[in-house]
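**Student:** Hints in hand, dock the two standalone chains.
Keeping their order, the protein sequence lines are chains A and B.
Terminal number for the first sequence in UniProt numbering: 200, no gaps in between.
Terminal number for the second sequence in UniProt numbering: 316, no gaps in between.
Since the hints were derived computationally from the structure, they do not count as laboratory data.
Check each hint, because a few of them may be wrong.
Partial chain B-side listing against chain A, Cβ under 10 angstroms, derived [what the hints assert, rightly or not]:
1) Asp107
2) His188
3) Trp210
4) Pro211
5) Ala214
Derived pair list, reagent style DSS-like, types lysine-lysine, alpha-carbon separation capped at 30 angstroms [as the list claims (entries may be wrong)]:
6) Lys212(B) to Lys94(B)
7) Lys3(B) to Lys94(B)
8) Lys159(B) to Lys94(B)
9) Lys112(B) to Lys74(A)
10) Lys74(A) to Lys212(B)
We treat Cβ as the ideally placed atom computed from N, Cα and C, and that holds for glycine.
If you want the building blocks of each chain, they are given just below.
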Amino acid sequence: MPNTSFSPSIESRPTYAGLVPQGAAPSIMIADAEGAEAILDLVDRDAAVLDQAHLIYIPKGAQFGSKLAELGAKGYHEEASLDAAMTLINRLLGAAHMGTQLYLAGSEGMMGRISALALSLGLPLDAIQMEHRGSIGRPMQCVHCKGVTQDVTTDPFTCSHCGLTLFVRDHFSRRLGVFQAVCVDAETPGVIPETQEITA
Amino acid sequence: MSKQMTLEVTEVEPLTALVTRFRFEHPEKAPLPIFSGGAHVVVEMPDGEMLRCNAYSLISDPNDASGYEIAVRREDAGRGGSRYMHSEVTPGSKMRISVPTNLFALDPRARKHVLIAGGIGITPFLSHLHQLDLLQQPFELHYAARSRDEAAGLKLLPKSARIHAHISEEGNRMDLGEILTGQPIGTHVYVCGPEGLISAVLDAAARHGWPKGALHFEAFASPPPGKPFTVTLAKSGRMIEVSASQSLLEALEAAEVEIDWSCRGGACGRCETKVAACDGQIEHNDHWLSRDERAEQKKIMPCMSRFTGDALVLDL
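One chain only, chain B, in its complex shape (with noise of 0.2 angstroms):
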């Protein structure tokens, strides 16, 4: 878990129909931490009887203490975060946000930059950006949206050669192939957006023989909601109910039971649980395990995974 600190939101500014841009300084103009680009902050929205914790990429510059930016995109058929985000927040709001986390850092080895953002994923690269410029590195990005509704960063990005829009609806695909060919030697990627971006973007880049250590990548991920079930803590015998928008963390921590988190996304480790006992199915939505680690069913990601079956009893 990581310290939190009571912001006040100083300004909502909606980007396209679906995506707003909410502003946080501290409600005395202190000083916030400064952070890097890639990282997140988790926000905490008291929704009802639920407390959910969302993680959002800062959008602003990495150096400017004044204040943190995020942009947040409406998902109607998500548990209710965006919504909330959307509906309930104004000027004037206080939220508790966590200090900055940073999974999806620049590589200072690398000697130049390739980003590519599918829709929303924009968001960590307009942090990127900033520091890109400070440091003067050679980079490209590419972004790609299906329509410019969707394309919220385009209203964020400096106009500049060296960043691409690729608008699907105006026939402009992004050409992966393109992309990953006779880039210099040092050049590492970066990609941030929808699942089927990331495979595709790690897919071609071992076609092209790009090493794994030359490639990033960020899911857009947040717990997806799916059938209520029931876990079993081995220590006490307790039974804890997940409801169909709640993660099984989300329900963990509104039972009480002590559990490590930092991303909420299912990628950072922290909240790796073991699993005593499963009789029936885990769900594992995160990109933690490994592909045998997730076979055993001996481990579970309780910020992003769901189960199916009779009986699933965790080792706490």
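For reference, chain A alone in the conformation it holds in the complex (with noise of 0.2 angstroms):
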């Protein structure tokens, strides 16, 4: 599965470039699930981008953790899930000097939070590479509650913080790393549409 590419919608939706090796430059690799797929396809391309690579992996499932473990990292680290990563993440991009490559691949979710950080940090968009591999689940914060539910793959689906039943935007939030998800029946009470898969 290459990368994703999203059918054309507005601005605000990210579309993802897809990896370029960026030579031996010291750098921070993030991926998560299928995002595996996408390292080995960038390693395959140019093997010294792990000379000086922190990896991270969330396999969420995934059977990719041998195979990237393999590759001879600098450094490689498998973590349950992003919130137990977060740690490790932080701390890496804390210590960053401008220079270091910053690749993420897999779910629009993690993809979404890391490089909401990296922005906080200053980092200009342009630094983050990224490209989408595996479930197309959206990270949907809902606008009323503020809460974010993630890998939503239905239209509408239902806040799991406050309950509304959300209509799925295309409208994201770079600053925060979410899509913006709105109550759909909240002028007609109870009318709700039928429920779809999302596609890309």
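**Tutor:** See below:
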């Protein structure tokens, strides 16, 4: 499965150009689930990217861990969840210098959260390389209660925080790294459109 | 075109043999619009038949509404604007000055600012320093000049461990590789000075893996003189002569052709003009058009660029 190409939408909706090797520069690579395949492809094109790379992998049930571990990155770290990985990611990013390359591959939830963190540290958007692989589940923020529901695959969906039925929008907040979801039946309580699977 | 004010020159202070500081205040001491670090004003100079408009960075405190200050380097090989400032302007002179515009602002998202100045390119950083002090943000300033005589900024810079002067005559050249290595994440670089310095910084930054979005530059450009040439206006068929020491924009203005502008230094893009036909070579001196756009010769920036060849027809 190559980099997911999303159908044209509003400008706010992120698209992901795909990872391009930047040689042996120091780097932080973060992948979840099928994002591992983007890292494998990247290394396939130029193995030098591993020379000074910290590779962090969150399997989410996928079976690529051993393959990534064998690549021989300068540091390989497998974590049970993104939350569990955040301590390490914060430490690596916080200590990084300008010129450190950031490669993100996998879900929009992970890439949104890490890119928002990197932007808040003052990195410009063009310094963040991203490639989407695997589930097209989206991180959705309820604009009413502000809670974020991860890996949303249907429209509408139920807010996991306040229970409202929410409409999935393409409006994305780079600052927060999440899409915005709004109450679908605010004006006609109880009138809820049929649930559909979201598509790329 | 920006709104303009008539201000009075209140101070003229030579900083070095080549560089002079000018202070402008409102004739009735009314407060002037405050600005942001890196902003410039366009100063009108009625020089004989010609009206020159040169852009100069403001060097005073952006939050000080009592006056504006600029520092002007005398360019003897230039077109005459800086010579006019040095020879004709005295305390009491009244001059027309635009409200400030900023094409070289600090990026508020940066966590640290590395400022690199070459020669007279120190000027925008003098106002940046006031703003950085107010915001209490981390920065370092590297100021390169050939000699102390060229380093007019030394007189205006505070003493600080974060401010480094590199005087090449004294064997203390600036090492860009060292400056660009080991900077913490979120650092942005700003460079102002001669073309050679700007391209050296951009090249070194690319080699060290810096993202383009963290690099900011302002070329210290005034339109270069050149050979006279003629342009034709497509809509009226008028032919307009551009003299050796005049820019195309100034020639169009002198002929009362309406054209929008802001920076007059090839950076802002406001005066971009479509070329209807071009039989010859446009000398692109701007920083606005891309390499492909330059090669196509379908657009020209009249504030900076000139032409050699048989015919240039503008879509005006």
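**Student:** Indicate, hint by hint, whether the structure satisfies it.
**Tutor:** Quick rundown of the hints versus the structure:
Contact between Asp107(B) and chain A, as hinted, is supported at the beta carbon level, the nearest pair being about 8 angstroms apart and thus within 10 angstroms. Against a cut-off of 10 angstroms between C-beta atoms, the interface hint on His188(B) holds, since the closest Cβ of chain A lies about 7 angstroms away. With a least beta-carbon distance of about 5 angstroms to chain A, the hint placing Trp210(B) at the interface is held under the 10 angstroms criterion. Below 10 angstroms, beta-carbon pairs count as interface contacts, and Pro211(B) has one with chain A at about 3 angstroms; its hint therefore holds.
Taking 10 angstroms as the C-beta contact cut-off toward chain A, the hint placing Ala214(B) at the interface holds, the least distance being around 5 angstroms. Distance restraint check for Lys212(B) and Lys94(B): the Cα-Cα separation of roughly 42 angstroms exceeds the 30 angstroms cut-off, and the hinted pair is therefore not satisfied. In summary, the hint linking Lys3(B) to Lys94(B) is supported, as the alpha carbons are separated by about 16 angstroms, within the 30 angstroms threshold. Taking the CA atoms of Lys159(B) and Lys94(B), the gap is about 34 angstroms. The hint is violated against a cut of 30 angstroms.
Of the pairs offered as hints, the one joining Lys112(B) and Lys74(A) holds, with about 28 angstroms between alpha carbons and a cut-off of 30 angstroms not exceeded. For the given pair, Lys74(A) sits about 27 angstroms from Lys212(B) by alpha-carbon distance, which is consistent with the 30 angstroms threshold.
In this structure, the hints that do not hold are numbers 6 and 8, in rising order.
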